[in-house]
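Novice: Next come the chains, spelled out residue by residue.
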Amino acid sequence: MPQWTERRPAEDFYRVLDPDGDPVDDLPSVADDEETLRRMYRTMLQTRALDEKTLRMQRRGEVSIIARSTGEEAVACGSAAALAPGDWCFPTYRQTSALLYWNARMDRAIAGLMGAEPETINEHLPLEGEPEVTFTPVYVPLAVNVANAVGSAMVDRFQGDDRVTLSYIGDGSTSEGDFHEALNFAGVFEAPAVTICQNNQWAISVPAHRQTAAETFARKAEAHGVPHERVDGNDVLAVYEATREAVERARDGGGPTFIEAVTYRMVEHNTADEESVYRDEDERDYWEDKDPVDRLEAFLLDRGVIDDEDPERYREALREEVQEAVDRAREVPISDPETMFDNHLQATSWSERHQRQELAAERAGANPFADFTGEGLE
Amino acid sequence: MPQWTERRPAEDFYRVLDPDGDPVDDLPSVADDEETLRRMYRTMLQTRALDEKTLRMQRRGEVSIIARSTGEEAVACGSAAALAPGDWCFPTYRQTSALLYWNARMDRAIAGLMGAEPETINEHLPLEGEPEVTFTPVYVPLAVNVANAVGSAMVDRFQGDDRVTLSYIGDGSTSEGDFHEALNFAGVFEAPAVTICQNNQWAISVPAHRQTAAETFARKAEAHGVPHERVDGNDVLAVYEATREAVERARDGGGPTFIEAVTYRMVEHNTADEESVYRDEDERDYWEDKDPVDRLEAFLLDRGVIDDEDPERYREALREEVQEAVDRAREVPISDPETMFDNHLQATSWSERHQRQELAAERAGANPFADFTGEGLE
Amino acid sequence: MSLHAEPRDGQEGREMNIVTAVNETLRQEMQRDDSVRLLGYDIGPIGGVYRATEGLHEEFGEERVIDTPLSENGILGTAVGMAMRGCRVVPEIQFMGFFYPAFGQFMYTMAKMHERSGGALEVPMTVRMPYSGGIKSSEYHSESTETFLVHTPGVRVVVPSTPYETKGLLAATIRDDDPAFFLEPKKIYRGGTEPVPDEEYTISLDEARYVRHGEDVTVYTWGAMVRHAVTAADAVDADVEIVDLRTLSPLDVETILESVKKTGRAVVLHEARRTLGLGAEISALINEYALDHLHAPIKRATGYDVHFPGHQVEDAYLPDADRAQHAIEAVMNYEF
Amino acid sequence: MSLHAEPRDGQEGREMNIVTAVNETLRQEMQRDDSVRLLGYDIGPIGGVYRATEGLHEEFGEERVIDTPLSENGILGTAVGMAMRGCRVVPEIQFMGFFYPAFGQFMYTMAKMHERSGGALEVPMTVRMPYSGGIKSSEYHSESTETFLVHTPGVRVVVPSTPYETKGLLAATIRDDDPAFFLEPKKIYRGGTEPVPDEEYTISLDEARYVRHGEDVTVYTWGAMVRHAVTAADAVDADVEIVDLRTLSPLDVETILESVKKTGRAVVLHEARRTLGLGAEISALINEYALDHLHAPIKRATGYDVHFPGHQVEDAYLPDADRAQHAIEAVMNYEF
Ligand SMILES: Cc1ncc(C[n+]2csc(CCOP(=O)(O)OP(=O)(O)O)c2C)c(N)n1
Ligand SMILES: Cc1ncc(C[n+]2csc(CCOP(=O)(O)OP(=O)(O)O)c2C)c(N)n1
Ligand SMILES: [Mg+2]
Ligand SMILES: [Mg+2]
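Chains as they are written, first to last, in my numbering: chain Y, 1 to 378; chain C, 379 to 756; chain R, 757 to 1092; chain F, 1093 to 1428.
Hints are computed from structural coordinates only; laboratory data are not their basis.
A few of these clues could be false.
Unchecked claim - Among the chain F residues that face chain R by a calculated CB cut under 7 angstroms, a handful are:
id: 1; residue: F1195
id: 2; residue: G1196
id: 3; residue: M1199
id: 4; residue: T1239
id: 5; residue: V1328
id: 6; residue: A1330
id: 7; residue: T1367
id: 8; residue: A1376
id: 9; residue: N1379
id: 10; residue: E1380
id: 11; residue: H1387
id: 12; residue: D1397
id: 13; residue: V1398
id: 14; residue: H1399
The beta-carbon is built from N, C-alpha and C at its ideal position, and this holds for glycine as well.
Please construct the entire structure, taking both the sequences and the accompanying hints into account.
Specialist: Here's what the structure looks like:
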């Protein structure tokens, strides 16, 4: 079976901690911000715990399909941590850790994975109060979130608000025209938009070197006059620091930034995928040593930010938290089929009313096609 | 009335002749190729003569809308001249001089401007033999031609043929995602595709500095790992030379190149446009001095490639040629309405047959809706 | 159901054409609501290739009348983002035929965000597109592909047919919180004037308009075709009812059925290609819910199933009063 | 008109399912014609997310089974260019719901180039797209938006409903010089086998297929819905004729009319949303050309006018044998 060979990405990127968790140079100030450090550490562990749990649920058929970010948690966690309350974030399915950093509710996310309609989730697991950072729904169609994010940032720029909008794109998705159209708008309108390319080397079965002949993904921003940066995506401090700088510049009217965070998809693309078919699994060993959680953990232990019992304590507590969230999600009833009609237009229409009646009739065992006058089934 | 201000493009590009027609440095070998020099000179004059004629026809209502390339002729002429027989070219409406360099028939082009359907033109002004370079129909929807051209080049690469495909894109059109998608494919597949950005500083009313924050249009190719070059687009020798190099590299398996040719739209976008509404017409004076025809003419006179009578002789002869083409185009009868159905699918279908009958009935004054059985009108 | 006879007797206001009505309505809506922003290429100093945004850049500045890079998908995508953040965005697509590159943002975000967010996010935007034929321009400048929009849930599709209608419908569409398309029939942009009140007014987005009442046959139509329906109605020997649908999505099915149940005969007149043009849906609805009332088959006087042709042939493609009249006569003369 | 009873008695061949039939047909066509090239992301070593191209990359190499960057519009645009240069290109769009970013290249070049060049340029290409629902996946993985394709002139649209049909129709579509879409009903990719001959054969792209003959009512359907029509037909107290349209564009109007003129009653069964789903066109055609024969209105058993819902609700959206049966019974019980 022929497989794609991988090309290891160049490592001449910005890095704060080496793979063993040792500083490579002077430490940025976040290294002294213990609260943020612990919160990032916790978030990455939480993401992994959630992924592990939902994977088991998927195997049991309780959720239909999940995309894990195992080994990539530092990218979304470190970048989202650089936001401030009031900011906006436009994630894809691969940025669970960004949501969790800002305390997005796991029970709601799990209910979504279980296939509940958003209306059902809102009814049974209502959001109380606004989250400090606003997250859009997770985008499934690729690359379209970036233009929406740039539009969001344009509004802040036009209104003189100092909010920042963050969005994410995979390595593969940079091949979509959408990505370039969005970055071009960001450049022209000096939008306070920070875009992170989570380069995990693979787009399902297609390796990064087959996506583009560009030297790096970061350089794609040259096409749009947007400043760019390339960081070790498995080093949460490097991701944080580069994003913080970009966010500050954006907040101060300095316009957009594009950041490539180099990481690796340690696992299958999603649970419908079988990666051993198309890639050499040995390559994973190389990356195993670069795990972002281990790296931060070593650093925190070394600095005494956490103590020796903490790693297991955190993990244990998070497993429980996840389990509780699952329990709450399981309480959510199966969505009523009629929710499929909700929230299309704000008003109703003849055809919506009529089709709701048809569906109701069908569910009641009646003939939904009994209306021959257009005056309804009753 | 607020207008857009222009920003003059940087002139640190490749240039062979200065605006007065004097060499700025060592001359490339094309400077000794008198046949090519005269053919390029003639082609640019021909393009201008044709534009002038069709503009008058447009004013009289004989053609509906035309887009002139006055002052920009060197871009398409110089680049197309670097092709060889067997190559392919995918132009937009702004590259008349590329077609004319390869002896595309003016009568057919004029008939097209007069609104004749392609079928009518083929019938009444049949093409004899293949042109040495194959031109696709002129593209009206922007930016889509580049991906088609890259696909064409991919075929040659896969089949081991040493043909090259040339395509064009305007400055404004580089904002379309299509452009990036195409260049990205070109880079990945090392396609023998040369793409010229005819940067005439304007996209209808939008100035180039509002299209992008990129430093130059040439740099957009960085996003795709495609080699790029920036040339004085009003210097036909510079355009020729840069394209020749790119074409040779492509032919030798060296892959794609992107070339920005800096020029200026001296006239209205097209005859439906009134540029004085949105731009300061004084700016044109600056560019008037850089006219590509004057520049080459001065050089050719200076080198004795043409003599003092030639400029007027050429112009006179071309005016006649254009007039003859117009006369032939005017002989083409108005297209039969039924041609609208031609060349959709290669086979016919019930609805095509039926609708042809309807149209025929309508034109004969009969009721086209008289079929109530689906068995036709007869 | 609102009923305007044509001509609308005693209507007060300034005489203006459709493109002026668009311009004045945009100005009025921008004055009354700071969150309204226009977005598109060539809408700034030049005021749009049809001058629909003339003077607005000067009046409201470049952050409310935003000249963009040349990317339809970029326009739609950023407009959705702006709308999600509380702006009331009015993007312009220069010609409907250049909407296609924006299909991704249309389907994935514009039509979907409200539903996808369970109602949490609103996307109040009105995409203006000059559309339809008759102007003898080049490729893709004459399209009527409203089918693509109407088949997509989550968006409104609105088409005015007169200057008065333009103002009321455009104001209503902009103020409505749903994402919407406002299709401007460019052939009649300057094709006649009528008095348009200075004061603000809106027209319901849920109701079709009876252009005239009649007893024998209904012509369903919209946009630039309404005038041909009127000419045909005057010419035939039948009492013709004309329904200007004006909101193509969602359809006012009540009015559609009400009319045909009275007349028993129907013709649909539209510029779009016939196969799966909106005429198909109207015919199917009538078949489903008013078959008993039909005295004749429903005929579709439409464009043909071809790419919009070049300008020498355009007139033969486009439906006109003659084609409408033939269709009316065909259904009038039909006997079971 | 070709008539295959179901099950197809005495058919010789290897038992295989639809996805295997796609795979084998692609292999066969690539073997017989060097100019056939496949294009798409994830079609190489992985063999497509549904394994439809499994083994082909290994057999034919990466210049004939071309794994591309992740851009649907780039795939379509380069495919058109390759087709213009004499390749017979078979691009894959991973899911129909991800076709929308390619709408520009679809409308401007794929559907148009042959016409635009006055017939001088051919674009022999077959865009394969897994489509339609029932797999409980996430957003945009379950779409049936064939309306967008059928409303566009210059392309063919083909949908198989069984393994045997798949091989004959796919071979015919690839060999045909027109640009075409080949929509693969993914729910039934592995949903049953039938014997498929080893030798080459093609099925006409101009003819609908009678799945069974009947006298009382016609069900028009295609793709994964055919099996529901069969189940419903077995369950109802009526003699049902089933027409598998299989070529959605251009439509085989002769067969559509022939059947309903005999039965006098019609149901259309499709997964797409109802408004301007293909059922509208079929209903309108019958109304125009066979109204006299109708004993009842035509009912459309379809999806609803909503975005394809999440997987808890999917079954309530999708038409099935029950919904088909209700529609058949409704038109059977109807009295004028
Ligand atoms: C427009 C669009 N095309 C195709 C898909 C199907 N798809 C889902 S994920 C994926 C690969 C994405 O790769 P990448 O951008 O690298 O992100 P990653 O999954 O690696 O985070 C594909 C092709 C999609 N969701 N949207
Ligand atoms: C997809 C698409 N969008 C919009 C248009 C309308 N349009 C025609 S030319 C033009 C400006 C093009 O500018 P540029 O790319 O700089 O080329 P130039 O005309 O200056 O040569 C526009 C917007 C079009 N033809 N196609
Ligand atoms: Mg990836
Ligand atoms: Mg330009």
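Novice: Of all the hints given earlier, name the ones this structure violates by number, lowest first.
Specialist: When the structure is compared with the hints, numbers 5, 6, 11 turn out to be violated.
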